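Participant: Protein chains in written order, with this note's numbering: chain B, 1 to 412; chain L, 1 to 149.
The hints are simulated quantities; they were obtained by calculation from the structure and are not laboratory data.
Predicted model only: the values in this text are computed from it and were never measured.
Derived contacts from chain L toward chain B, CB cut-off under 10 Å, selection only:
(1) LEU3
(2) LEU37
(3) GLY39
(4) ILE65
(5) CYS133
Yeah, the Cβ is synthetic: ideal placement off N, Cα and C, and Gly gets one too.
What follows is each chain in one-letter form.
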Amino acid sequence: MTNLSHLRRDFPILRREVEGHPVIFLDSAASAQKPIPVLDAMDRFYRSQYANVHRGAYRLSQEATELYEDARRRVARFINAGSPDEIIFTKGTTTALNGLSSSWGYDHLEAGDRIVLSMMEHHANVVPWQLVAKRTGAELVYVPLTTGYDIDLDALRSTIDSRVKIVSLTGMSNVLGTIPPMQQISDIVRAQSEAVLIVDGAQLVPHVEVDVQTLGADFLAFSAHKMLGPTGIGVLWGKPELLEEMEPWEGGGEMISTVDLYESTWAPVPQKFEAGTPPIAEAIGLAAAVHYLEEIGMNAIRSHDLDLTEYALHRLGEVPDLVQYGPTDIKSRGGVVSFTLGDVHPHDIATILDSRGISVRAGHHCAKPLMADLGVTATARASFHVYNGRDDVDALIEGLHEARSLFGLSEG
Amino acid sequence: MALDELYREVILDHYRNPRNRQPLGAPGAHADGHNPLCGDEISLDILVVDDTVTEVSIVGRGCSISQSSASMMSEAIKGKTRAEIAELTGRFKAMMDIDTEGDAGLDPDRPGSVLGDLEALQGVRKFPVRIKCANLAWTTLEEALGEAK
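With the rest of the complex left out, here is chain L (with noise of 0.2 Å):
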């Protein structure tokens, strides 16, 4: 297994310096994610105006996989619609699905085009072990948004 596509530059540059920790400016859908097999941990504040995520707090320790994804989706989810973040989990997960052969909809021929620095996760498919972290956030944001209704 080639750990230089696990651990890619990005995900390493997001797991030492995540994004979006910041506490809100108002009181937005909280939820709390948890990996109790290995102890990942993520706390995800959202703040939803008119259908809209404006606002994302999200705070975590854990492994670089569980981090990094957690850190690069609060950067891909600001601002996006409900529909839009729907989507783009359904893109995520698909990626991490070893099941469905990368219908994520990735374009080989330009890296990073459907989602951003998240596709350099991609290689998390061929450590099975590791795909519960990487969707951890994930799952944790279907929770916050469900708060948010």
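In isolation and in its complexed conformation, chain B is listed as follows (with noise of 0.2 Å):
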């Protein structure tokens, strides 16, 4: 059992009260909180060396870029990527995964083709989709989860063929926890098709070690706000050759190589799709948070997870009139549990924890389309990070007995 909780001390936020209770953050798979490291490299880079990048040929400018392109080179060590030129900086998840369908999935998409994803995708790695699918006449073909709320390989199987040109699956889902088999996927993948694999990391990348050599996918998209770095940057990783036909989703500033009045041509990989001033100063706090968990270790981030999670489905468990969705098998699933209670509403549930200083996250979580499969309109789910405990598990589960008590479940 690895426990990190004595991290907390690294993160100012948990200092805080709410209600007169410190605060218990247990929404983390929505956005994680940011450690003192992250904090001051921001707030050193705007105090004493901010500027734009790839412009100035003044000494600020130099090294703002210099930062912008250790940050990419420190991401690229973080994943095991070939080069820093196969990170492409962006928004976020939801903004490479629209890249990616607008640009990939324009150019490569037919009136009869099929984009296949699974039950439990977030809204981001479905709306996208459902967009591209409209303007090419593709099709969407979800695979449905297994009973172990898994995704269901067998169904995979028969549904990979030659029509199918795209695989967009979740990494590690954000209500479930679910951590789904991508090597054995990615196998199934290529043995029945030619369809590229894009992997939605933004719950995996700040959990689990990430190899993109070993990982079986094309392209991996993540966010740096749930890997303890700030809002308003993500990455899109792509193996080099498919970066390289890939044409870039926005012009403007920086991408480009040449611009005539009808034409231009576009700058190399990255940049090509690095249209704008970049996010530079969260690329910067980005770049500490990867540091901040290289120090902390992510096998040592994985136990810990794997201990509070074990803890939280046993103490859980405890609780009469609870029912947990997501895996048994806890190595296949990351600090992530969804339940209800009774017939307490999951936003009630939230609001009498939040009156104990307890976050956590009541509703569809973005997953409409599971919630609809599971056959519930909305779960509370907990979510877990460096800073947790098992003390946040014991006081959720205070809470919830409280929950039962004010809405007169019986003891049973």
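Can you join these two chains into the complex? Each is in its own frame, and there are hints to help.
Facilitator: This is the structure we're talking about:
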């Protein structure tokens, strides 16, 4: 067991009180809190190093450019990309997936082609594909889940054929915590189609060591703000030959080589995909977050998440009327637990917990197709990161008992 | 924050035993209410005869606040004229409005004398994120009344 909750002191916000209670933050799957090194790196940049990148012939711009490109190198090493040029900074996972759908998707899809998703995708990995399907006449196909809340590999096998051009799947479900076996999925996709495999890594990358050389994906998207970094920046990683081939999805400054009145040529990858002034301070904050995660060690983080999740599942199992949604095999899930509690609606659960300073998410978690599949309209969700400990789970359980008592659920 | 001020018995009773769920006897005006943020849903049908709401049918799903508010509203508006309903709606929204220090005209000495069971929802004001839940049925009602014109 790895206990990292001593790291709490690095997160100033956790010293705050809500309603006379210290903040107990159990909503990291929505967005994680920020440690001092991230805050300091961004503050330092704005106070003493700030300038735009890639243009000024002056010292400040040169320093800012170095820091920005250092961030790219650090992120590349973090996911073991072949080169920093494979790292495209975007606004976040959502922008990365929209970029892929509107550029790669639009250029490679024809009427009758298929895009394969799973039943547990976040809306950010659903709606962009609906948009491009509408424009191209391609068709969306959803792979169902097993009763164990994982992607049904037999169904995947019978779905993948030469009509499938894109397979886009979550690396870890934001509702169920499921971490699908991506290598196995990749083997099926490769064996039965020429499709590209896109992984929505928004939940995976902040919690599990990801090596793009063995992940089995062609593209990987993730966001800084869920990995202890700032909002406003995310990453699209792609195989270099695919990034070379792909057209930019935005035009503007920074991304061009030459501009004539009626035509332009593009800058090399990755600048080709980074039109306009990029989120510079955010890239520096992301690099600091990556450094922070590396110092702890992704394996230690994984083991900490597993310990907390196992403990949470055990303690939640003791609460009468509570139903959990997610794999029972702890090894195939991350630090996310979703549940319902008798007829106490998740929003009521969240309000009751909030009065104890506990932040959980309640609702459809931007995964309405999954909610329908589970036969619920909403769940409550607790999710963990390095600053959480078993004491947070204990506080959650106490709050749930109060919810039961306020709603007059009988002890059973 | 006092949770027991929010989760009053009467609220839980309306949440668990919502009133006026039966369909209308004759076709009336319909409106759907939906809070995309939290997923609360209300489906409302009313029959307006000579300016009076004679029948109400309301179904939905969502949290205890949105659903109890809907159920209590359905009881409060039945048999009332448009003018009476407009006054009721005004008072209810005033009760929910954090900025108008309670000029819903409630009488603290005689609880329930002005808005009946609905007064039990006044605790919601202390939970600003839940005000939308309480108001959903009323916004849906305004739409249905517009339809009925």
